[in-house]
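The whole structure should be built from the sequences, with the hints applied where relevant.
Each chain, written out:
There are 2 protein chains.
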Amino acid sequence: MTRYDQLAGIIGERIEQGLYTCGERLPSVRTLSQEHEVSISTVQQAYRVLEERQLIEARPKSGYFVSQQHELAALPAMSRPAQRPVEISQWDLVLKLLRADPEDGMVHLGIGMPDISSPTLRPLMKALSRIALQPDLRGMAYGDICGAPALREQIARLLVDSGNLLSWEDIMITSGCHEALSIAIHALCQPGDIVAVDSPSFHGVTQTLKAFGIKALEIPTDPVTGISLEALELALEQWPIKAIQVTPNCNNPLGYIMPDSHKQALLTLAQGYDTPIIEDDVYGDLAYRYPRPVTIKSLDEDGRVLLCSSFSKTLAPGLRIGWIAPGRYMEQATHMKYISTGATALQPQLAVAEFVRQGGYQKHLRRMRAHYQHNCDIMTGWIKTYFPPETRVSRPQGSFLLWIEMPEHFDSLRLNRQLDQVGVQIAVGPIFSASGKYRHCMRLSYALALTPAIEQAVKTIGNAVKRQLDEVNA
Amino acid sequence: MTRYDQLAGIIGERIEQGLYTCGERLPSVRTLSQEHEVSISTVQQAYRVLEERQLIEARPKSGYFVSQQHELAALPAMSRPAQRPVEISQWDLVLKLLRADPEDGMVHLGIGMPDISSPTLRPLMKALSRIALQPDLRGMAYGDICGAPALREQIARLLVDSGNLLSWEDIMITSGCHEALSIAIHALCQPGDIVAVDSPSFHGVTQTLKAFGIKALEIPTDPVTGISLEALELALEQWPIKAIQVTPNCNNPLGYIMPDSHKQALLTLAQGYDTPIIEDDVYGDLAYRYPRPVTIKSLDEDGRVLLCSSFSKTLAPGLRIGWIAPGRYMEQATHMKYISTGATALQPQLAVAEFVRQGGYQKHLRRMRAHYQHNCDIMTGWIKTYFPPETRVSRPQGSFLLWIEMPEHFDSLRLNRQLDQVGVQIAVGPIFSASGKYRHCMRLSYALALTPAIEQAVKTIGNAVKRQLDEVNA
Ligand SMILES: Cc1ncc(COP(=O)(O)O)c(C=O)c1O
Ligand SMILES: Cc1ncc(COP(=O)(O)O)c(C=O)c1O
Chain A
1 MTRYDQLAGI IGERIEQGLY TCGERLPSVR TLSQEHEVSI STVQQAYRVL
51 EERQLIEARP KSGYFVSQQH ELAALPAMSR PAQRPVEISQ WDLVLKLLRA
101 DPEDGMVHLG IGMPDISSPT LRPLMKALSR IALQPDLRGM AYGDICGAPA
151 LREQIARLLV DSGNLLSWED IMITSGCHEA LSIAIHALCQ PGDIVAVDSP
201 SFHGVTQTLK AFGIKALEIP TDPVTGISLE ALELALEQWP IKAIQVTPNC
251 NNPLGYIMPD SHKQALLTLA QGYDTPIIED DVYGDLAYRY PRPVTIKSLD
301 EDGRVLLCSS FSKTLAPGLR IGWIAPGRYM EQATHMKYIS TGATALQPQL
351 AVAEFVRQGG YQKHLRRMRA HYQHNCDIMT GWIKTYFPPE TRVSRPQGSF
401 LLWIEMPEHF DSLRLNRQLD QVGVQIAVGP IFSASGKYRH CMRLSYALAL
451 TPAIEQAVKT IGNAVKRQLD EVNA
Chain B
1 MTRYDQLAGI IGERIEQGLY TCGERLPSVR TLSQEHEVSI STVQQAYRVL
51 EERQLIEARP KSGYFVSQQH ELAALPAMSR PAQRPVEISQ WDLVLKLLRA
101 DPEDGMVHLG IGMPDISSPT LRPLMKALSR IALQPDLRGM AYGDICGAPA
151 LREQIARLLV DSGNLLSWED IMITSGCHEA LSIAIHALCQ PGDIVAVDSP
201 SFHGVTQTLK AFGIKALEIP TDPVTGISLE ALELALEQWP IKAIQVTPNC
251 NNPLGYIMPD SHKQALLTLA QGYDTPIIED DVYGDLAYRY PRPVTIKSLD
301 EDGRVLLCSS FSKTLAPGLR IGWIAPGRYM EQATHMKYIS TGATALQPQL
351 AVAEFVRQGG YQKHLRRMRA HYQHNCDIMT GWIKTYFPPE TRVSRPQGSF
401 LLWIEMPEHF DSLRLNRQLD QVGVQIAVGP IFSASGKYRH CMRLSYALAL
451 TPAIEQAVKT IGNAVKRQLD EVNA
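From first to last, the protein sequence lines stand for chains A and B.
Heads up, the first sequence is in our numbering, so the first residue is 1 and it goes up one at a time.
Heads up, the second sequence is in our numbering, so the first residue is 1 and it goes up one at a time.
Keep in mind that the hints were calculated from the coordinates and are not lab data.
You may find that some hints are simply not true.
Among chain A residues calculated to face chain B with C-beta under 10 Å, some are [stated by the list, open to error]:
#	residue
1	Glu35
2	Met125
3	Arg138
4	Gly213
5	Glu331
Using N, Cα and C, we set each Cβ at its ideal position, and we do this for glycine too.
Written as structure tokens, this is what we have:
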């Protein structure tokens with residue numbers, strides 16, 4: 001990461017946070033150069049980056065201004081889920097999303113698929129191809145049940161970036177983050193138990209709870225700071241909660257990064273009630289700011305955090321390479337890994353290890369972070385342009401997912417049926433709730449290159465939304 | 001498969017079954033040629049195959065005789081497990097086996113790893129390598145949760161060989177047979193339930209039951225015909241059994257192929273008690289006879305059999321490609337697949353599909369069947385030579401695993417500790433029992449090319465066994 005990228009990140013964040021408001025003049029190049037102890041040209045390059053992202057505009061002879069276009073839409077409201085443990089529903093809706101065929105000719109804005117077209121992935125594909133041809137068929141045997149040491153070492157190295165000082169032996173390779181989460185839940189809970197989750201939350205987790213006969217307790221969640229600690233504490237008082245599951249960094253679907261102080265407070269709370277935390281960091285490396293945010297795991301002193309992640313969002317989901325750092329639950333996790341899939345496929349592990357060791361991962365990440373951040377601005381702009389004014393939109397701090405909230409009486413399932421007919425796919429709100437809340441919400445992905453066809457699709461959605469609201473109001 | 005291979009298979013089986021006994025003269029070439037309506041030279045070639053396998057010997061001017069060397073050791077006894085549901089133990093012993101490092105310089109006779117050194121696997125590796133380099137990164141996206149249709153079609157085609165007429169939509173791809181079994185169990189059972197298993201049985205299944213809080217009911221099992229139907233019926237009468245789990249073809253560890261009539265009777269029994277059957281066919285394609293035996297699934301009329309298998313033993317375990325044909329439980333199985341690992345890695349699926357379509361699978365199988373059958377004879381010979389006479393040995397009808405039974409008071413755990421010191425690894429009996437029975441047994445693999453080092457290792461085991469028995473008897 002260059003100095004100017006870093007500086008652009010800092011200023012960009014200030015704008016996002018509203019420290020500089022729409023149309024406001026930004027500090028002069030000279031001021032910034034002194035403040036940050038960088039050269040004039042570094043500041044100029046940083047401003048150029050922000051111009052490209054359409055966050056700021058240069059006005060001849062007057063300097064740089066926060067882009068008019070960038071007036072932010074209102075944020076979604078704090079969520080208010082039912083604060084009692086519920087049996088999980090919505091499997092039919094999740095299945096419909098999973099079954100979406102990427103080659104059916106529709107515009108797919110609903111799925112959590114990253115962009116895998118970047119040439120920075122090519123060395124990984126070459127490594128995969130080379131390893132397949134190794135004459136000793138390395139990678140075709142059963143590997144270690146905990147994964148290839150070579151990869152676990154590289155992951156331990158990467159984890160330093162998020163504040164984690166782990167040894168390779170603390171890490172177990174899994175078939176994607178999905179298996180990591182499933183192992184964590186299965187290692188900690190019995191049927192009938194209660195797990196507290198942020199809300200809205202990733203359907204993979206709630207469906208796993210469902211499969212294990214566990215109840216979800218959805219906790220109100222702020223679209224900027226994450227799970228409400230007050231609500232969580234009340235819940236911990238009232239219910240025998242077996243685990244807390246959160247996605248604090250680049251949350252799916254809300255996009256926030258939980259502030260560090262909030263992470264510490266959450267951990268302290270969990271310590272107070274002696275409750276383990278299942279932390280999903282699958283999008284953490286895609287934070288737009290660098291260095292990336294720390295994990296709760298990095299603050300953990302007594303091994304109560306089970307960190308789950310994967311290369312699915314940062315590299316490619318087809319690899320099916322994830323990991324879990326289960327802290328003090330390593331033994332249970334190993335048993336669950338054995339009975340879930342046995343060892344994980346070895347060849348992709350060896351290929352990823354090589355790719356990371358040779359610096360390919362960081363290079364790819366830099367590119368993808370910039371790509372997604374750029375797309376975020378454009379997509380947010382389109383929503384502002386094409387959606388009705390009462391629309392509330394999340395402000396993603398990383399990753400490639402946008403959460404959109406309509407007035408309470410809006411029905412995204414109805415919208416979805418209409419969009420099906422015209423070849424546009426979205427993710428409907430209720431799949432992000434154990435109890436089917438968020439019917440008035442939807443999630444859109446901006447991972448792929450934003451073509452005119454996608455702009456057209458967003459316009460189509462916006463029009464359909466307006467029509468439905470008009471009908472209801474009429 | 002040529003006519004003479006087929007004929008050799010038939011005669012070989014008759015010898016194995018004791019229809020022709022040790023030293024007995026075999027039918028003349030002319031007689032066989034008439035009986036089987038084949039040419040003289042076909043019979044001669046068949047006899048040559050059996051000579052190579054050291055099953056028969058030619059005596060000049062007198063004809064062919066069953067090899068003296070081939071006097072069979074006694075079969076293991078019918079197993080007599082405790083006939084009540086038990087909580088499963090033995091995880092520590094299983095873990096020790098799993099953790100065995102194939103490169104620690106020991107002679108590994110304990111693990112269930114196939115031989116992956118055959119050149120007939122090369123086209124598969126080439127396909128893997130080629131697919132990794134496809135410019136559209138085919139196989140790097142999330143695939144269909146049920147697996148790639150191309151592979152499911154090929155598997156449906158292969159399954160015809162074992163009598164199954166299934167559509168590709170009846171089949172779901174999994175991360176190995178392990179995940180298939182785990183999905184089946186999870187789809188059918190709740191914690192506290194009871195599952196009936198053959199005994200001895202594969203530790204992957206019992207450990208999965210353990211993880212789900214399910215009890216195992218071990219049913220007495222015959223080393224030639226499989227699970228005792230009488231004992232199973234009694235158990236079904238007495239206990240609320242939720243599922244029956246068996247490995248009827250090339251059983252691990254006993255090596256038998258359950259006779260067809262026995263399969264039908266088992267299914268009828270399951271129908272009578274309306275109980276589903278989880279059938280593990282992971283070694284079925286490695287039966288020494290061709291055509292291979294049918295599955296219970298092929299006799300199933302009401303979708304109660306969940307067929308589980310993989311390419312781990314036939315091709316290579318590192319692929320982590322298995323499948324389940326869950327019959328009427330497809331919906332539950334799909335949910336369990338989603339929460340277990342999400343979709344299965346796509347590239348290896350595409351590579352295997354191509355390999356099968358181009359005939360590579362059948363070609364490889366032919367070679368491996370001959371290889372394992374050849375090794376079976378040699379390994380059995382070594383056991384006879386180096387083990388004490390009271391040793392009982394299974395008569396594998398396929399696959400590459402030998403079950404060895406010593407007198408009741410023998411302790412394979414003690415043996416194992418001694419062998420650890422001298423660089424020989426075996427699988428101890430108790431891991432094949434939910435309740436830790438079979439301490440007097442062990443399992444040896446003869447998958448790999450049988451080198452002098454392996455012969456030496458078998459001799460070392462035999463001597464250690466003799467010493468222990470002498471000590472105990474002294
Ligand atoms: C928050 C979150 N966790 C985990 C996953 C699953 O990741 P993987 O594909 O590595 O199993 C996803 C993917 O959708 C996700 O959004
Ligand atoms: C009987 C049996 N079933 C299933 C398995 C697991 O197969 P996979 O490696 O495909 O998960 C094994 C492997 O040891 C086995 O012996």
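We went through each hint and held it up to the structure:
Here the hint on Glu35/A is broken, as its CB sits about 43 Å from the closest CB of chain B, past 10 Å. The restraint placing Met125/A at the interface with chain B holds, with a minimum CB-CB distance near 5 Å, inside the 10 Å limit. A hinted interface residue such as Arg138/A counts as satisfied when its beta carbon comes closer than 10 Å to some beta carbon of chain B; here the least separation is about 9 Å, so the hint holds. The beta carbon of Gly213/A is positioned within 10 Å of a beta carbon in chain B (closest approach about 7 Å), and the interface hint is therefore held.
Because the smallest distance between the Cβ of Glu331/A and any Cβ of chain B comes to about 9 Å, under 10 Å, the interface hint for this residue holds.
The structure does not agree with numbered hint 1 stated previously, though it agrees with all others.
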